[in-house]
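Protein chains in written order, with the numbering used here: chain R, 37 to 459; chain D, 37 to 459; chain A, 37 to 459; chain H, 37 to 459.
Hints were generated in silico from the structure; no laboratory data involved. Do not take every clue at face value.
Copies of one chain are not kept apart here, so a pair can be met inside one copy or by any two copies together.
With a Cα cut of at most 27 Å, we get these calculated BS3-like pairs of lysine-lysine [said to hold, decoys possible]:
id, residue 1, residue 2
1, Lys273, Lys43
2, Lys74, Lys135
3, Lys43, Lys74
4, Lys43, Lys264
5, Lys115, Lys74
There are 4 protein chains.
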Amino acid sequence: MKTLENKLIEWRRDFHRYPELGFLEMRTATIVAETLEKLGFELQIGREVMSAEHCMGKPSDEETQAHLNWAEENGAVEKYLEQVSEGYTGIVATWDTGKPGPTVAYRVDMDALPIYESSSGDHVPLNQDFRSTNTEMHACGHDAHTSIGLGLATLISENSDRLKGRIKLIFQPAEEGARGAISMVRAGVVDDVDHFIATHIGLSVPHNHFVASNNGFLATSKMDVSFKGVSSHAGGKPEEGRNAMLAAANAVINLSAIPRNSQGMTRVNVGELHAGSGRNVIADRAALKVETRGETSELNDYMKNYAESVISGAAQMHQVEYAIEIVGEGISAKGSPELAVRLHDCAEKSGLISQVESNEAAGSEDATFFMDAVQKQGGFATYCILGTDLAAGHHNEKFDVNEDSLLPGVQTLFESAVELSRR
Amino acid sequence: MKTLENKLIEWRRDFHRYPELGFLEMRTATIVAETLEKLGFELQIGREVMSAEHCMGKPSDEETQAHLNWAEENGAVEKYLEQVSEGYTGIVATWDTGKPGPTVAYRVDMDALPIYESSSGDHVPLNQDFRSTNTEMHACGHDAHTSIGLGLATLISENSDRLKGRIKLIFQPAEEGARGAISMVRAGVVDDVDHFIATHIGLSVPHNHFVASNNGFLATSKMDVSFKGVSSHAGGKPEEGRNAMLAAANAVINLSAIPRNSQGMTRVNVGELHAGSGRNVIADRAALKVETRGETSELNDYMKNYAESVISGAAQMHQVEYAIEIVGEGISAKGSPELAVRLHDCAEKSGLISQVESNEAAGSEDATFFMDAVQKQGGFATYCILGTDLAAGHHNEKFDVNEDSLLPGVQTLFESAVELSRR
Amino acid sequence: MKTLENKLIEWRRDFHRYPELGFLEMRTATIVAETLEKLGFELQIGREVMSAEHCMGKPSDEETQAHLNWAEENGAVEKYLEQVSEGYTGIVATWDTGKPGPTVAYRVDMDALPIYESSSGDHVPLNQDFRSTNTEMHACGHDAHTSIGLGLATLISENSDRLKGRIKLIFQPAEEGARGAISMVRAGVVDDVDHFIATHIGLSVPHNHFVASNNGFLATSKMDVSFKGVSSHAGGKPEEGRNAMLAAANAVINLSAIPRNSQGMTRVNVGELHAGSGRNVIADRAALKVETRGETSELNDYMKNYAESVISGAAQMHQVEYAIEIVGEGISAKGSPELAVRLHDCAEKSGLISQVESNEAAGSEDATFFMDAVQKQGGFATYCILGTDLAAGHHNEKFDVNEDSLLPGVQTLFESAVELSRR
Amino acid sequence: MKTLENKLIEWRRDFHRYPELGFLEMRTATIVAETLEKLGFELQIGREVMSAEHCMGKPSDEETQAHLNWAEENGAVEKYLEQVSEGYTGIVATWDTGKPGPTVAYRVDMDALPIYESSSGDHVPLNQDFRSTNTEMHACGHDAHTSIGLGLATLISENSDRLKGRIKLIFQPAEEGARGAISMVRAGVVDDVDHFIATHIGLSVPHNHFVASNNGFLATSKMDVSFKGVSSHAGGKPEEGRNAMLAAANAVINLSAIPRNSQGMTRVNVGELHAGSGRNVIADRAALKVETRGETSELNDYMKNYAESVISGAAQMHQVEYAIEIVGEGISAKGSPELAVRLHDCAEKSGLISQVESNEAAGSEDATFFMDAVQKQGGFATYCILGTDLAAGHHNEKFDVNEDSLLPGVQTLFESAVELSRR
């Protein structure tokens, strides 16, 4: 096991040094593909496992091409690069034991964040020489997730005799922004799945602890909103303009003013606003990045629908045009209690201090789309948390995990594969 | 002339003691009617000289009936009361010399304001015992205007041999709020008029001074705006409400934010806002009193059209209904230079220091509707200012005029009647 | 018991016909006083049981005097009127059994709401001829509460031999707006109380049902906010004004935009907004009625503190002055489980279907001040709900209770007095 | 003259191809310096003629260094580059005739705009191969101004015998944003000037026409406003954030809502707003580019002071910090009538159709600082307009001048040098 532990750390640090944003995980995905193929998994890559029309918030062709060049220069595996070159970076790796049994799937996410990693003297990735080499950062632990996925694959490959049925490892792009899962669901990758397990490291659960079913995810919608007016000289002809910034400013304030809802928790945020192109010009463009959340999908719908009224009304007030593009969505979901209890037992068997269920409100997650699909077809699904000690919170520039947490996570997941393959 | 001067003061003080709001000038109008009939004028009263469908912002039937009772108890002349009992209080009094000549019209307004008159020790109306007996006040000098109108009628009646053609005295209701003139224009009262003169006292012009043509009036629109939402318990079910107050608040701010216009002066004001019925209830009603102004009618249209966008957008943002009622309108107008020069000469002849023209921006005036109508049919029109020394500004609770200014005003107007009747 | 039931209905309908707003319950209080004194209770009235400096949102002296006249003309009992004439209308009625034992207190509220009662044909108070005789209405059941209080007093008086210790009946003014309780707490009326029970009828609990401990009350602050600017002529000199309405409108929108709080439920509402005095005048005054709520007192403090920032900032933006007056406050509170269980047993014994506890979020209640005080001194407190079938929701113009619910309520409370007097 | 005309076009096209933003005119200034020195002018460059502490809105050291590299690679004259390498790019070139006489100064501005030049097929600079080689553009004609300045220098050099006294050519950086003039005024460059003439091409005056005194410039203030709050996870802990975007949005709307001013024309614009760094993060930063204008300096002060109240109040509402940096200022100014008449005569003599004065509101100009300084010391100053036919309006990506207008402009200015050197 010492060997596997070293391997896990090595993988994680490699991914950490080369973070890639959602729908751009080209280097990561090709390394994953090569590793899994060598272990004997059967691969499906890119458009085979992703519905192109359901990819939300995908980077432009220019950005994708530029990143492809970067990936080529930074260690992507040439053999698989063609298949992910357009940004469809999802992979499904299947292990068929040949024996009758259920199909068990594990979801792993691979993308990083547009955060500039700390270069503070006490930041371990700096000290240990695996700090990000570019301007992105694995500040949410998806590097650890990918590493754990490869570790799980290793144990499966080496201990196939303990298993029955089929194991599917789903490497998903673009979890950040809740953008990637739906395209894999629509491509049918969980249509044959009986048990589905998604995993996240951290989330305030300490090292050596485990939560078998985390149920606090909020439904969410991510919207890119644009206002288009008419520019004019602000000093000379102000009346000839149509002020997109005024519409946007009204939208921001009134989105925040959407009434609280007595049925449960709601959220709304405008995280970015960019408007105008010159001090003395009436702003003809404004762009907002908006997200709504709700404790249930119904509550999120309430927020989203109200938001659309606010945006259209703000445009109408100042006679500008608007467009709303949905660039990410997550639904709320509850883990299947039967599956949670079995996973809980596996964690305890692997030496972790486990609790069956947690209902702490967390952020949003598009793994809920997989869960919902599996449960609707009669299967079982859960979202588990692998505890670790964090150097700083998620999405912080000093985020770092305790690498000692990786191995017990791999072991727990492998034990669940054994346990679940029984029936 | 001493007798006429005393008479002018007596009339003015009597009207000052019994102020009446627009479309409620029942006591005033019946006294005017009685006085003019006695002098030999031919009268048209109420619906004969007012188009009912063009009366904007008329009080409710209940208010009208209540005021009728008040008027009966406070000295209205019974004989004419029936004709003005529904609030159509306009009068046109015609003096036909029987000799061929032009038709010359003078406009007099009669209404007061909802201002509670000062009871300060230095306020002349209090000292001289003619302070308002009710909660309204003649704080814009229309009491003086009505008095001057009766004084002019007296001189006409006594000096008919100096005149030719016909003289029409138009006593208009509801100048405040720019509401009354249009209904008289639409009833055709100036269709036969060759020369039209409207008069205002004060307006920063000092005693013994005169302006023959004041051209600074702004075009204006007065709007009553209402928002209608849905109430609900603010603590229990906030999401079931539709918040009319939020819509109204957004309208107020964004009306103020209508862009400045490079073509000339514009104004906008929300003077009153009332919303909601209980602290813990989502407000389902909000009402605004709005006015726009513009240096030209085109500029006022710009403001008014933008205002409608703001109001509809604000309603849309918070999913409430809205209604806009136009309750007053004034257009911009320029005096006829030929007429101004002739009137200027009359003023100088009457001992006043006169200037032909002033372009100082003043408030708005619906006399502009009469002016526009007369000019469009080829006639001449002007709006003159009779200077006086004011105790405090217009619409102030301590407003008061110098009564010495009344007689020269009457003389100037009478001289103009003589001058204009020549051709 | 038939006699008592008739009496309960008679009392309730009498109070219903003569509703009185908070701190004006003069007729109600004097009738309560007379009834209780006849039953043998010892009375403390008005300033004896209320701290004048802690009365929030008390009507003006003029309103109080005017209502005193109304009360005299509408059946107030002369003997006690002097003591409540200034609007201190609280009463504490004590029954001392002379036997050692605990002190048990019951809170009853007496005030009505500024709602105009329905005159719809199907409204029972109209049909049965006990509709409100004025423009206020008992639309929250406090008429029933007062009646139940008198019924409880009757049973205590008639069955004193079953009791030990002392019973205190607390008739509180001004529960609406959460204004009256604190003044009685500060006057020390529960300083000697071991068990405290407050009761409310309705609240979505059906007839024949009972909740022994309702824990869903929100902490709340009620604020009257005023903005004071400078008026000026909106057309002539807009730059000389300081626009209080603009400040108020910004406050309204940004109060609604106070961020949601992850620690629990929050609320904010501006229920009323009145600004300005004339269409063409820059508004120099604006007044808001604001309330904040929070699932805990900490959460309400978060809302209240943020609200103060918003209000001061809105004033600063448009250079106007502001003032915030706290006119009502409620804290959050949890019932004592031991007391709840004992009360639950009494309800079941009285034939009601009872549940020990409910955590449904309700509105706010200032009975929580009594509860907090009693619990802090080591006593027990609870807030129970007496179910009934409502014709329409609380604060609705068609609100009405099922009078069959009154007697079992009285019986349950009396049984609790017997039960609690044991120790 | 044909030679000079060709030279003017050649210069203008060269500057057009290499546009440089304000305080970065390194290539332009060094070419100007070389040309003027060769003609025999005495030069003062950079810090000699600019007060460093009065340079508003100067680019950062990084930007300045980066541009220096660009300038070196794109034809800057090495000899003078050191002197302008820190972005102090102003030049004063003096021609001393040695004969007694007045000092006459001409102001020329050199900077370009951050506009991406049109590549439309009908755009002359594209067709004639002098379109901008970078992402900036001479979209306001300062390329033509610089060319005219060099043309004027040529005529002075060649016809010195017609002149007396001294001629100063002031090549000013950073006119856009009204940033550069004040630093040259404070360095004393017009302290000895008797006659000052600034020139602008275009401004709606057609080819072959001339305005000797343009008096419509507005006083202006340019402000960079920043808000600084606290970021937090918008889903997880919204209450821990301090939302800078909300403050900024309120500022934008309420800046637009500053009341109109009856004393004259006012303007306000927020031209750019950038806030936030991620969709699910409470925005901790917001930056605004604001400008106010007024028909007089007093009116601009009214706008600027009100703007500061709005900005501080918006920050206070949402408990964020703010900073306001003044990055540009212009005052209002009136040309000296005596000078205007003399310049008018020179224009007519040069074959142009001239008018003495125009009061059309134009944008703002910091040449007004030179004018004010010269007039205050008893000298004469004017701002003239050289008409041309424009392909599109100023600051438009398709802006272009008629090059036939250059020569008559040079001739008029030279004639004025002759005329003014007489006394």
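Each hint, compared with the structure:
no.: 1; hint: Lys273 / Lys43; in the structure: neither (66 Å within a copy, 36 Å between copies)
no.: 2; hint: Lys74 / Lys135; in the structure: within (22 Å within a copy, 90 Å between copies)
no.: 3; hint: Lys43 / Lys74; in the structure: within (15 Å within a copy, 72 Å between copies)
no.: 4; hint: Lys43 / Lys264; in the structure: neither (52 Å within a copy, 44 Å between copies)
no.: 5; hint: Lys115 / Lys74; in the structure: within (13 Å within a copy, 65 Å between copies)
Hint check: violations occur at hints 1, 4; the rest are consistent with the structure.
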